[in-house]
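So in numbering that gives the first Met the number 0 the end of the sequence shown lands on 95, straight run, no missing numbers.
The set of hints was computed from the structure by calculation and includes no laboratory data.
Be a bit skeptical, because a hint or two may be false.
Here are the simulated SDA-like pairs of lysine to any residue, each with C-alpha atoms no more than 25 Å apart in a straight line [to be verified]:
no.: 1; residue 1: 83; residue 2: 93
no.: 2; residue 1: 83; residue 2: 69
no.: 3; residue 1: 83; residue 2: 71
no.: 4; residue 1: 83; residue 2: 10
no.: 5; residue 1: 83; residue 2: 15
no.: 6; residue 1: 83; residue 2: 20
So the derived label-pair ranges between C-beta atoms look like this [what the hints assert, rightly or not]:
no.: 7; residue 1: 68; residue 2: 6; range: 32 to 42 Å
no.: 8; residue 1: 10; residue 2: 38; range: 40 to 50 Å
no.: 9; residue 1: 90; residue 2: 69; range: 30 to 40 Å
no.: 10; residue 1: 93; residue 2: 17; range: 21 to 31 Å
no.: 11; residue 1: 69; residue 2: 47; range: 21 to 31 Å
no.: 12; residue 1: 10; residue 2: 93; range: 17 to 27 Å
no.: 13; residue 1: 57; residue 2: 1; range: 53 to 63 Å
no.: 14; residue 1: 10; residue 2: 74; range: 17 to 27 Å
Positions of the beta carbon are idealized from the N, C-alpha and C atoms, including for glycine.
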Amino acid sequence: MQQLMLERRIREVHARLVRARQELAVLDEQLAVVLEEADDARLRSLVSETPLATHDYVEIQRHADAMTRAHLAMASTVADLVAKQDDLLSRVGSSS
0 MQQLMLERRI REVHARLVRA RQELAVLDEQ LAVVLEEADD ARLRSLVSET
50 PLATHDYVEI QRHADAMTRA HLAMASTVAD LVAKQDDLLS RVGSSS
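All chains should be built: construct the whole structure from the sequences, respecting the hints.
What follows is the structure, given as C-alpha cells:
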C-alpha cells in the first residue's frame, strides 16, 4: 500500500517537474528578448538623451527585472521538484 502511494507521488512530482521545466524554457526565451529590448532602450536613452527615451528605458528595465525574478523563482521551483523527486526515488530504492 505504501509502495503504491510512493509511486503515485513520484508520478505527480514528475508531472509537475515536466510542466515547470517547460515553463522555465518559455521564460528563458522571453527573458532573452526582454533583456535585449532593455539593452537597446538603454542605448537609445544614452544616445538621444531625451526624457521620453529615458522613461522608455526605465519601463522596459522594470519589466526585465520582473521577468528575471520570475525566472529565478521558476528555476528554484524546478530545483525543489528535482530534490523532491530524488528523495522519493531514493525511498523506493531503500524500501525494496
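We went through each hint and held it up to the structure:
1. Between residue 83 and residue 93 the alpha-carbon distance is near 15 Å, which keeps this suggested pair within the 25 Å criterion.
2. Between the alpha carbons of residue 83 and residue 69 the distance comes to roughly 21 Å, so the proposed pair stays at or under 25 Å and holds.
3. About 18 Å separates the Cα atoms of residue 83 and residue 71, which keeps this hinted pair within 25 Å; it holds.
4. The straight-line distance between the Cα atoms of residue 83 and residue 10 is roughly 12 Å, inside the 25 Å bound, and the hint therefore holds.
5. Distance restraint check for residue 83 and residue 15: the Cα-Cα separation of roughly 11 Å lies within the 25 Å cut-off, and the hinted pair is therefore satisfied.
6. Distance check on the hinted pair: residue 83 and residue 20 sit about 15 Å apart at the alpha-carbon level, within 25 Å; holds.
7. Taking the beta carbon of each, residue 68 and residue 6 are about 35 Å apart, inside 32 to 42 Å as hinted.
8. Between residue 10 and residue 38 the beta carbon distance is about 42 Å. The supplied range of 40 to 50 Å therefore holds.
9. Distance hint check for residue 90 and residue 69: the Cβ-Cβ separation is about 32 Å, which falls inside the suggested range of 30 to 40 Å.
10. Distance hint check: the CB atoms of residue 93 and residue 17 are about 25 Å apart, consistent with the given range 21 to 31 Å.
11. Separation of residue 69 from residue 47 is about 30 Å and conforms to the stated range, judged on CB atoms against 21 to 31 Å.
12. As the Cβ distance of residue 10 to residue 93 is approximately 19 Å, the hint placing it in 17 to 27 Å holds.
13. For the pair residue 57 and residue 1, the supplied restraint of 53 to 63 Å holds, since their beta-carbon distance comes to about 56 Å.
14. In this structure the hint that residue 10 and residue 74 lie 17 to 27 Å apart at CB holds, the actual value being about 23 Å.
The earlier numbered hints are all upheld by this structure, with none contradicted.
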